Amino acid sequence: MRLWLSRPIAGFLVRRLLAGAGLLLVVSLLIFTATDVLPGDAAEVLLGQEAATPRLALVRQELGLNEPAPQRYLRWITGVLRGDLGTSLVSQRSVRSIIGARIENTLILALATGLVVFPLILALGILMGTREGSRVDAVFSAGVLVTYAFPMFVTAVLLSLLFGVWLDVLPPVSLVPVGGTALDSPSILVLPVASMALPSVAWGARLTRAAVAEASRAAHVEAARLSGIAESRVIWRHVLPAALPPIAQVCARLVGVLVGGTVIVETVFNYPGLGLALVQAATSRDVPLVLGIGLLLAAVEIGAYIVADLVGVLAVPRLRAPS
Amino acid sequence: MRAWSIGRAQRARAAWVMFGLFGVLVAPTILSGCGAAGGTHRTTVAASCLDRAPEHGGTLVVGIQGSSSTETNNPFIDTTNLSDALRRVLLYDAVTKLTPSGRMVGAAAGSWAYNKGLTEVRFTVRHGERFSDGAAVTPADVAYSLRLYGKIGFGTTAIPIDWPKVRVEGDQVVAPLLKPRTDVAENLAQVSDVVVKAGTTDFTNAPLGSGPFKIDVFEPGSGVALLVRNTFYPQPVYLHAIEIRAFADPAAMTNAFLAGEIDVAINVGAVNARRVEGDKGVKIIRERGALTYPFIMRLPDPPFNNPDVRLALKLAVDRQALVNGALQGQGTVGNDLFMPSDPDYDTSLPQRERDLRRAAELLERAGYTASRPLKLTLWSSTYAPEMADAATLFVAQLDSGLPMVDAKVELAPADTYWSDVWLVKPFSTGWEQIFPLTTAIYRTLGYSGSATDETGMHRTDFDALVDEAVRTTNPALRKQALYAAQRILWADGGYIVWGYEDEIDLSRPDVCGLPTAPGIASYALSQTWLSR
Numbered sequence: 001m002r003l004w005l006s007r008p009i010a011g012f013l014v015r016r017l018l019a020g021a022g023l024l025l026v027v028s029l030l031i032f033t034a035t036d037v038l039p040g041d042a043a044e045v046l047l048g049q050e051a052a053t054p055r056l057a058l059v060r061q062e063l064g065l066n067e068p069a070p071q072r073y074l075r076w077i078t079g080v081l082r083g084d085l086g087t088s089l090v091s092q093r094s095v096r097s098i099i100g101a102r103i104e105n106t107l108i109l110a111l112a113t114g115l116v117v118f119p120l121i122l123a124l125g126i127l128m129g130t131r132e133g134s135r136v137d138a139v140f141s142a143g144v145l146v147t148y149a150f151p152m153f154v155t156a157v158l159l160s161l162l163f164g165v166w167l168d169v170l171p172p173v174s175l176v177p178v179g180g181t182a183l184d185s186p187s188i189l190v191l192p193v194a195s196m197a198l199p200s201v202a203w204g205a206r207l208t209r210a211a212v213a214e215a216s217r218a219a220h221v222e223a224a225r226l227s228g229i230a231e232s233r234v235i236w237r238h239v240l241p242a243a244l245p246p247i248a249q250v251c252a253r254l255v256g257v258l259v260g261g262t263v264i265v266e267t268v269f270n271y272p273g274l275g276l277a278l279v280q281a282a283t284s285r286d287v288p289l290v291l292g293i294g295l296l297l298a299a300v301e302i303g304a305y306i307v308a309d310l311v312g313v314l315a316v317p318r319l320r321a322p323s
Numbered sequence: 001m002r003a004w005s006i007g008r009a010q011r012a013r014a015a016w017v018m019f020g021l022f023g024v025l026v027a028p029t030i031l032s033g034c035g036a037a038g039g040t041h042r043t044t045v046a047a048s049c050l051d052r053a054p055e056h057g058g059t060l061v062v063g064i065q066g067s068s069s070t071e072t073n074n075p076f077i078d079t080t081n082l083s084d085a086l087r088r089v090l091l092y093d094a095v096t097k098l099t100p101s102g103r104m105v106g107a108a109a110g111s112w113a114y115n116k117g118l119t120e121v122r123f124t125v126r127h128g129e130r131f132s133d134g135a136a137v138t139p140a141d142v143a144y145s146l147r148l149y150g151k152i153g154f155g156t157t158a159i160p161i162d163w164p165k166v167r168v169e170g171d172q173v174v175a176p177l178l179k180p181r182t183d184v185a186e187n188l189a190q191v192s193d194v195v196v197k198a199g200t201t202d203f204t205n206a207p208l209g210s211g212p213f214k215i216d217v218f219e220p221g222s223g224v225a226l227l228v229r230n231t232f233y234p235q236p237v238y239l240h241a242i243e244i245r246a247f248a249d250p251a252a253m254t255n256a257f258l259a260g261e262i263d264v265a266i267n268v269g270a271v272n273a274r275r276v277e278g279d280k281g282v283k284i285i286r287e288r289g290a291l292t293y294p295f296i297m298r299l300p301d302p303p304f305n306n307p308d309v310r311l312a313l314k315l316a317v318d319r320q321a322l323v324n325g326a327l328q329g330q331g332t333v334g335n336d337l338f339m340p341s342d343p344d345y346d347t348s349l350p351q352r353e354r355d356l357r358r359a360a361e362l363l364e365r366a367g368y369t370a371s372r373p374l375k376l377t378l379w380s381s382t383y384a385p386e387m388a389d390a391a392t393l394f395v396a397q398l399d400s401g402l403p404m405v406d407a408k409v410e411l412a413p414a415d416t417y418w419s420d421v422w423l424v425k426p427f428s429t430g431w432e433q434i435f436p437l438t439t440a441i442y443r444t445l446g447y448s449g450s451a452t453d454e455t456g457m458h459r460t461d462f463d464a465l466v467d468e469a470v471r472t473t474n475p476a477l478r479k480q481a482l483y484a485a486q487r488i489l490w491a492d493g494g495y496i497v498w499g500y501e502d503e504i505d506l507s508r509p510d511v512c513g514l515p516t517a518p519g520i521a522s523y524a525l526s527q528t529w530l531s532r
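First to last, the sequence lines map onto chains A and R.
Heads up: the first sequence at position 310 corresponds to 310 in this note's numbering, and the numbers run straight through without jumps.
Heads up: the second sequence at position 491 corresponds to 491 in this note's numbering, and the numbers run straight through without jumps.
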């Protein structure tokens with residue numbers, strides 16, 4: 001209790017949160033600018049061939065696209081501060097409703113994948129890192145490297161074809177039940193989770209291995225071993241706390257991937273999440289929707305890194321004092 | 001003891017760890033495979049639809065390409081999202097509509113008539129039409145909907161109605177015409193002129209329609225909709241419900257179909273169609289002439305202002321090779337004309353064949369030689385992959401077949417193609433979907449004064465023939481005029497229409513009554529039924 005309320009920790013949190021808010025503002029500006037400088041706009045995408053007619057000017061006016069970019073951005077940001085993420089230029093629905101329809105699916109997929117990925121990363125990382133240079137380390141490292149070498153879309157397509165079409169033991173696509181969620185039919189999550197878990201575990205395990213290996217080489221760990229403490233206790237009491245800060249950073253990065261980096265899996269398995277919605281919005285130049293989803297994903301990733309930094313500070317007492 | 005040396009106890013622990021990892025990865029697979037959830041199944045029963053009366057009941061699960069994040073409840077907006085178009089056709093009646101075989105019939109309008117001077121068309125609203133809440137469809141509803149469509153719908157420029165002045169007179173809706181035409185009803189069947197209740201302005205939720213189905217469950221952006229039969233619909237509807245699934249990727253849609261997750265997959269594309277060729281458990285519905293990707297030569301711009309150059313390029317193309325290459329063989333050879341399924345398509349013209357010798361002679365007559373070649377840049381886009389493929393193949397044909405031609409392909413971004421390239425560059429690749437022939441002519445295919453006249457042909461005789469065709473109610477005179485107009489287009493126009501792409505749908509054998517016409521007619525599932 002005293003630890004959580006200590007001034008260094010509270011001060012650290014406040015600084016990180018303020019910095020995170022500022023970063024979100026910068027991210028929103030970057031996303032807006034990046035989408036705005038792309039050739040074409042939502043009116044051209046909507047009209048298709050009719051974009052060559054005088055109707056283009058009318059539609060641009062209706063959508064507010066003929067306003068200067070700074071004015072459009074200011075209008076959007078003031079709306080966000082009131083809780084209004086704006087209206088999709090293409091579908092004319094509120095951005096909040098579009099995100100709301102998909103965020104539950106995204107969270108379910110992310111949590112299901114996380115339940116598989118994080119324990120495996122920890123287990124494999126400890127297994128390899130504490131046996132650095134051994135045959136076990138070599139075998140698992142090779143396996144992890146081969147897995148990591150496979151692009152996610154290859155893994156996803158192969159799994160879908162193998163288990164969904166050829167063997168027909170799992171659904172090849174993730175059709176969420178009408179009026180329900182993915183949890184109502186858990187089997188539709190297996191292949192998407194596997195597709196995301198394999199490269200994530202491979203990437204995370206390698207980095208965790210490195211962190212554990214480096215912590216294992218520390219003098220205090222060697223001293224603990226030499227004093228006769230059991231290896232398992234050495235790992236849990238001495239190695240892991242030292243390795244925790246970099247492991248927390250790895251997990252924070254993976255949170256961002258699991259929530260926002262799912263466009264390939266969502267496309268192959270037709271899973272209605274936020275990743276594909278973001279890509280479709282960008283393709284349609286639907287700036288409010290791009291901004292809304294982008295801001296949400298950025299907030300999740302920034303939040304994950306703040307938590308990771310906090311874990312690091314809690315694990316390493318010398319970091320608690322302000323520099 | 002070094003940390004990495006492994007004794008017996010440690011090997012045992014390692015083995016347990018590996019066993020545990022294996023279990024974590026494999027157990028969900030095994031358990032889920034054993035479970036009932038997931039619904040993977042394949043039908044092996046080859047049911048027949050022939051000689052059987054339609055059966056009532058059942059839920060048809062339909063897959064269609066769609067960007068679910070752009071789904072909208074506003075039926076007047078054409079987002080190019082096919083799942084929106086499918087819902088629109090099933091939930092709403094329009095003034096006129098297309099049957100599953102592509103025939104135009106009255107929907108909200110029971111009949112229509114043009115006045116003598118062709119300055120207006122009067123639609124008599126059909127009695128018995130009801131919205132899904134039982135309220136009658138009134139002339140006020142139809143008039144309001146037409147005015148609203150004219151204001152916010154797409155494709156309005158192709159139909160010469162003075163939209164703001166549409167009015168009600170008794171049980172009729174009067175639509176003033178900006179141009180004398182007798183094919184307005186046919187045009188209205190192709191666009192999103194749905195009928196909603198008068199005064200509807202809020203599209204946060206889908207407005208009530210008078211179509212064969214109504215919404216049971218639909219959350220825009222979810223990619224899934226469940227429609228149930230509208231019990232007030234006056235005509236027979238056999239299915240109890242239709243479940244619509246939007247797919248971003250046609251390959252994923254085909255996988256879902258092969259696994260039995262969906263009953264019908266609409267417009268799977270040529271590559272996926274080849275995956276199921278020869279599979280007796282799959283019914284392939286091929287709708288001919290759904291799309292075409294012509295090469296467009298703008299006549300005002302050199303070198304295409306020279307008729308010899310235009311004809312030479314038409315003779316240089318290997319049409320079958322383009323169909324085989326760009327369309328994966330899933331199409332038919334074209335003859336430099338459009339809308340082959342239109343009843344007024346000119347079938348009397350001979351099929352233009354590749355003739356490199358004649359093409360070379362024409363180009364030499366135009367002053368081009370191997371040392372002074374005709375330099376061409378053919379613009380294209382990945383708006384549709386077939387556009388880019390066709391352009392690449394054609395340029396290769398020109399370079400290999402005609403030494404006096406030096407051609408290259410330029411790909412422009414899909415987002416700005418229709419504003420920066422189309423109608424601007426002298427030589428480009430087009431995209432034409434199915435439309436009534438006269439509408440297509442007025443819109444893009446050569447009528448002078450159209451804002452989207454693709455080739456800039458500006459032939460007054462051509463214009464006069466088309467105007468003559470749309471003013472007559474005599475089918476023979478109409479055909480005669482349109483045949484003459486098409487001969488001009490074929491002989492002298494700026495189009496190389498090398499082929500037509502088939503729209504390919506996949507269906508389980510026990511799904512009967514599916515549409516056979518391409519385009520918007522392929523969504524007319526009101527007469528579909530399930531054979532048990």
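Because the hints were derived from the structure by calculation, they are not lab data.
Accuracy of the hints is not assured; some may be wrong.
[Claimed, not checked] Sample of chain A residues with no beta-carbon within 12 angstroms of chain R, all distances over it, derived:
1) ALA42
2) VAL59
3) TYR148
4) VAL257
5) VAL311
[Unchecked claim] Taking CB as the label site, the calculated pair distances span:
6) A/PHE153 with R/SER101: 38 to 44 angstroms
7) A/LEU38 with R/ARG52: 50 to 56 angstroms
8) A/GLY83 with R/PRO413: 54 to 60 angstroms
9) A/LEU161 with R/SER111: 33 to 39 angstroms
10) A/THR78 with R/ASN115: 52 to 58 angstroms
11) A/LEU161 with R/GLY367: 54 to 60 angstroms
12) A/PHE150 with R/ASP279: 43 to 49 angstroms
13) A/GLY83 with R/SER101: 27 to 33 angstroms
14) R/ARG354 with A/LEU30: 51 to 57 angstroms
Every value quoted in this text rests on a predicted model; they were computed, and no experiment measured them.
Positions of the beta carbon are idealized from the N, C-alpha and C atoms, including for glycine.
Here is what the structure says about each hint:
A Cβ of chain R approaches the Cβ of A/ALA42 within 12 angstroms, the least distance being about 10 angstroms, so the stated non-interface status is violated. Remark: the non-interface label on A/VAL59 conflicts with the geometry, its nearest Cβ contact in chain R lying 9 angstroms away (cut-off 12 angstroms). No Cβ of chain R comes within 12 angstroms of the Cβ of A/TYR148; the nearest lies about 16 angstroms off, and the non-interface call holds. Remark: the non-interface label on A/VAL257 is consistent with the geometry, its nearest Cβ contact in chain R lying 19 angstroms away (cut-off 12 angstroms).
Against the 12 angstroms criterion, A/VAL311 stays outside the reach of chain R, whose nearest CB is about 24 angstroms from its own CB. For A/PHE153 paired with R/SER101, a C-beta distance near 40 angstroms keeps the hint of 38 to 44 angstroms intact. The beta-carbon spacing between A/LEU38 and R/ARG52, approximately 54 angstroms, falls within the hinted interval of 50 to 56 angstroms. In this structure the hint that A/GLY83 and R/PRO413 lie 54 to 60 angstroms apart at CB is violated, the actual value being about 35 angstroms.
One distance hint, 33 to 39 angstroms for the beta-carbon pair A/LEU161 and R/SER111, is violated here, with the actual separation near 53 angstroms. Restraint check, A/THR78 to R/ASN115: a C-beta distance of roughly 54 angstroms satisfies the suggested window 52 to 58 angstroms. Distance hint check: the CB atoms of A/LEU161 and R/GLY367 are about 56 angstroms apart, consistent with the given range 54 to 60 angstroms. With their beta carbons about 29 angstroms apart, A/PHE150 and R/ASP279 fall outside the hinted range of 43 to 49 angstroms.
A C-beta distance of roughly 51 angstroms is found between A/GLY83 and R/SER101, which places it outside the suggested range of 27 to 33 angstroms. The supplied range of 51 to 57 angstroms is met by R/ARG354 and A/LEU30, whose beta-carbon atoms lie about 53 angstroms from each other.
Violation of the numbered hints given earlier is confined to hints 1, 2, 8, 9, 12 and 13; the remaining hints are satisfied by the structure.
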